[in-house]
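Chains as they are written, first to last, in the working numbering: chain B, 1 to 258; chain S, 259 to 511; chain P, 512 to 759.
Quick caveat, the hints were computed from the structure, so don't treat them as lab data. Any given hint could be a false lead.
[To be verified] Computed Cβ-Cβ distance ranges for the label pairs, DEER-style:
(1) B:Val8 x S:Phe423: 24 to 32 Å
(2) P:Gly528 x S:Ser270: 38 to 46 Å
(3) B:Leu22 x P:Glu672: 53 to 61 Å
(4) S:Thr274 x P:Asn714: 35 to 43 Å
(5) P:Ser608 x S:Met455: 24 to 32 Å
(6) B:Leu132 x P:Gly657: 29 to 37 Å
(7) B:Ala176 x S:Ala451: 24 to 32 Å
For each residue, glycine too, the CB sits at the ideal point set by N, CA and C.
For reference, the chains in residue letters:
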Amino acid sequence: MSGIRGIVAAVGRTALQFAADLGGLAILFLRVLRTIPRLDIYELIRAAERFGWQSAPIIGLTAFFTGGIMVMQSLPYVEQLQAMRLLPWAASFATLREVGPVLIGLMFSGRVGSNNTAELGTMVVTEQVDALRLLAIDPYDLLIAPRFVAMVAMMVCLTIVGDAGAVIGAMVTARAMAGMEMFQFIQLMREQIHLADLASGLVKSGFFGAGIAVVSCYYGLATSGGAVGVGRAVNASVVASAVSIVVIDFAVTAVMGG
Amino acid sequence: MNAVIRRIARESRDFTALVIQAYVLLFRLRMRRAVVVRQAFELGNRSVVFIATTMSFIGLIMVLQSGYQAGRLIGDYSLLGPGYIQLLVREFAPTIGAMMLATRIGAGIAAELGSMTVTEQIDALRLCGAEPVEELVVPRLAACLVMVPALIILAGLFAEIAGMFAARLVFNVPFATFFELRLLTSGDVIVGAVKAMLFGAVIPLVSAFAGLSATRGSEGVGQATTRAVIHTSISIIFLDFAVNVLLYPVYAR
Amino acid sequence: MEALVDLAGVHLDALDGGPAVLDALDLALAPGTLTGLIGPPSSGKSVLLKLIAGLIRPNRGRAIVAGVDLLAGRAADKRQLQRSIGMLFQNNALFDSLTVFENVAFPLRRLPTPPTESEIGTRCKARIEEVGLGHAMDRFPHQLSGGMQKRAGIARATIAEPRLRLFDEPTAGLDPVTGARILALITELHRRDERGVTIIVSNEMDTLLAAVPRVILIDRGKVAWDGASALVDQAPDTVRGFITGEAA
Chain B
1 MSGIRGIVAA
11 VGRTALQFAA
21 DLGGLAILFL
31 RVLRTIPRLD
41 IYELIRAAER
51 FGWQSAPIIG
61 LTAFFTGGIM
71 VMQSLPYVEQ
81 LQAMRLLPWA
91 ASFATLREVG
101 PVLIGLMFSG
111 RVGSNNTAEL
121 GTMVVTEQVD
131 ALRLLAIDPY
141 DLLIAPRFVA
151 MVAMMVCLTI
161 VGDAGAVIGA
171 MVTARAMAGM
181 EMFQFIQLMR
191 EQIHLADLAS
201 GLVKSGFFGA
211 GIAVVSCYYG
221 LATSGGAVGV
231 GRAVNASVVA
241 SAVSIVVIDF
251 AVTAVMGG
Chain S
259 MNAVIRRIAR
269 ESRDFTALVI
279 QAYVLLFRLR
289 MRRAVVVRQA
299 FELGNRSVVF
309 IATTMSFIGL
319 IMVLQSGYQA
329 GRLIGDYSLL
339 GPGYIQLLVR
349 EFAPTIGAMM
359 LATRIGAGIA
369 AELGSMTVTE
379 QIDALRLCGA
389 EPVEELVVPR
399 LAACLVMVPA
409 LIILAGLFAE
419 IAGMFAARLV
429 FNVPFATFFE
439 LRLLTSGDVI
449 VGAVKAMLFG
459 AVIPLVSAFA
469 GLSATRGSEG
479 VGQATTRAVI
489 HTSISIIFLD
499 FAVNVLLYPV
509 YAR
Chain P
512 MEALVDLAGV
522 HLDALDGGPA
532 VLDALDLALA
542 PGTLTGLIGP
552 PSSGKSVLLK
562 LIAGLIRPNR
572 GRAIVAGVDL
582 LAGRAADKRQ
592 LQRSIGMLFQ
602 NNALFDSLTV
612 FENVAFPLRR
622 LPTPPTESEI
632 GTRCKARIEE
642 VGLGHAMDRF
652 PHQLSGGMQK
662 RAGIARATIA
672 EPRLRLFDEP
682 TAGLDPVTGA
692 RILALITELH
702 RRDERGVTII
712 VSNEMDTLLA
722 AVPRVILIDR
732 GKVAWDGASA
742 LVDQAPDTVR
752 GFITGEAA
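One chain only, chain B, in its complex shape (with noise of 0.2 Å):
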């Protein structure tokens, strides 16, 4: 008997921290777009330098692969209906809207999402937070709203530069698994993918973003016990991000219609 109860307390445990995470989730959204006017614009300038650079060859490299691994999976079917002309399509098609940005949203997460928990839950740890505070600095305005802002930016931007990567890596692999001829394959691609296609790539990732941006923030600041609590904040910091890509993704595809 007693394991049962033990369950059902264990399962209600875990709700009621999930709901108390969702509504500081929510409340630092909206905090978040209350100071986003008072934002202070040098820190957002070096945030974004920051994002940017450090994940730019991570992005890079796994656009690249990825751009691949969708021509090898749509090579066996276009192969078969012997439609080879719709190979770039069928490759770039899935990535630019929804591979690309779901994939470099979730090594924007592993990289600048923790780094960033990382970051602020230290700064918890070691009181600086606080020493802003009773310099009457709000931690908001110097900190969060910058890298809130800077983190959507940088998403969009690496976005595209992720893009550009998928197309070359499969560019490359088609080359060498299909032979088919580079410019033929940018040629076919113009004329199949749209602008479309890439804008609503980018919109899911600006939302990406904003969705890292404020899980990563709220475990930083959540932070306690040294050390060992900042390895734990990263953790969940970053298996939230993970499923906040996802139900935003679901959201977004939804109300767009693919």
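With the hints as your guide, set chains S and P onto chain B.
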């Protein structure tokens, strides 16, 4: 630049040494069964809800996207189910499932081992007559080699079921089409299985290495967790690409 | 008698390119030595302890502990050596997922021929009682106070009757009474093993000098002074200044 190259070379050498040591110990079955079982249990426990949630949403998204396009281009949804199953088994369940697990399991392993490293518990282990790789890494490797493929199968199931409901509710596609296995070949299953097993090894090894190389200071454990997630994710994507290329003859008819 | 710890010209580079952590350091400790190890912050005391324990490898020099060459020796020999070394770390380094009893029993269970469970139980309980933690045997490290954690760490470090006992700041952060009790315990354990070596790193001069017959001062990676505690007054001014707290 020189220093960076030297550091990468040193880390690669250390990581290779760790992998070899771990596998040698694994094949000699040098591990405590109880510890492995407990690890496996914890891994599964920690990840089931996470995988269920994320993969269900992924399934919804994938079917919605494919459905919108199928409706717009060919107006025929009959291939939606079978095609979806094939892609799921061969590509998306192993890869995206592993990426999710890299986040959940990998971050966890790195945080645990990283905390032990910065509090000198790893040094203490050595002086207590234990060998850190044997004590900490091998059990996690063994547990992941079993649990990660299992969780990937689970991931596929959740994505399949969620996709099935999405297709029915949004496009009026009958449930039955999502049980049609006619496009699925043994080649697809082999490729999916190979990927699942590879990823099952990559996640614990890369994450443990990141945790054990954590540096002192408040950021040490956090940075180790970051490294674990990133390096594991990149490895998964790269290995996925490599398997797709190398095993192409296996799954392309 | 051959030295248990034999260091000559030991050199350890700094990881960030700064001044060397250990600079051509010479040290010889014969069996039966009980010595304190003191020095300014970042002088290399803790690093030296870890080097002697085989946890850090020197870049150059000769480092032989209990006959095992730390620079060129085989890994298997080093692992064997580490079984006869017990160390209390600065932050105790207790395994947080294990209870006090399981922490103390850990080294015994990892011996090449482990004793039976009942033997382990008896020995561990006895040592745990001896350090005054009999009532806290089934608690986890995070449930213990700082002093209790230290005592648990000492129990674990000494349970396998190691030849070489290293204590890094065993009394830091403890009240004087508990601190004195711990030093008494350490010296008692040393007394029971005449052929072993005990090294105590500490910054609490008065209590340390009263407890150990010999003291070694490390400064900037080198041995600055090595002599009997009783003769500290005869040390050079700069050295004595550090020890007694007077301005040099």
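Each hint tested on the structure:
1. For the pair B:Val8 and S:Phe423, the supplied restraint of 24 to 32 Å holds, since their beta-carbon distance comes to about 28 Å.
2. Taken as a hint, the range 38 to 46 Å is violated for the pair P:Gly528 and S:Ser270, whose Cβ atoms sit roughly 22 Å apart.
3. At about 55 Å, the beta-carbon gap between B:Leu22 and P:Glu672 stays in the expected band of 53 to 61 Å.
4. The supplied range of 35 to 43 Å is met by S:Thr274 and P:Asn714, whose beta-carbon atoms lie about 42 Å from each other.
5. Distance hint for P:Ser608 and S:Met455: a CB-CB separation of about 29 Å, consistent with the stated range 24 to 32 Å.
6. Range check, B:Leu132 to P:Gly657: Cβ separation about 30 Å, and the 29 to 37 Å hint holds.
7. Taking 24 to 32 Å as the suggested C-beta distance range, the pair B:Ala176 and S:Ala451 conforms, at roughly 25 Å.
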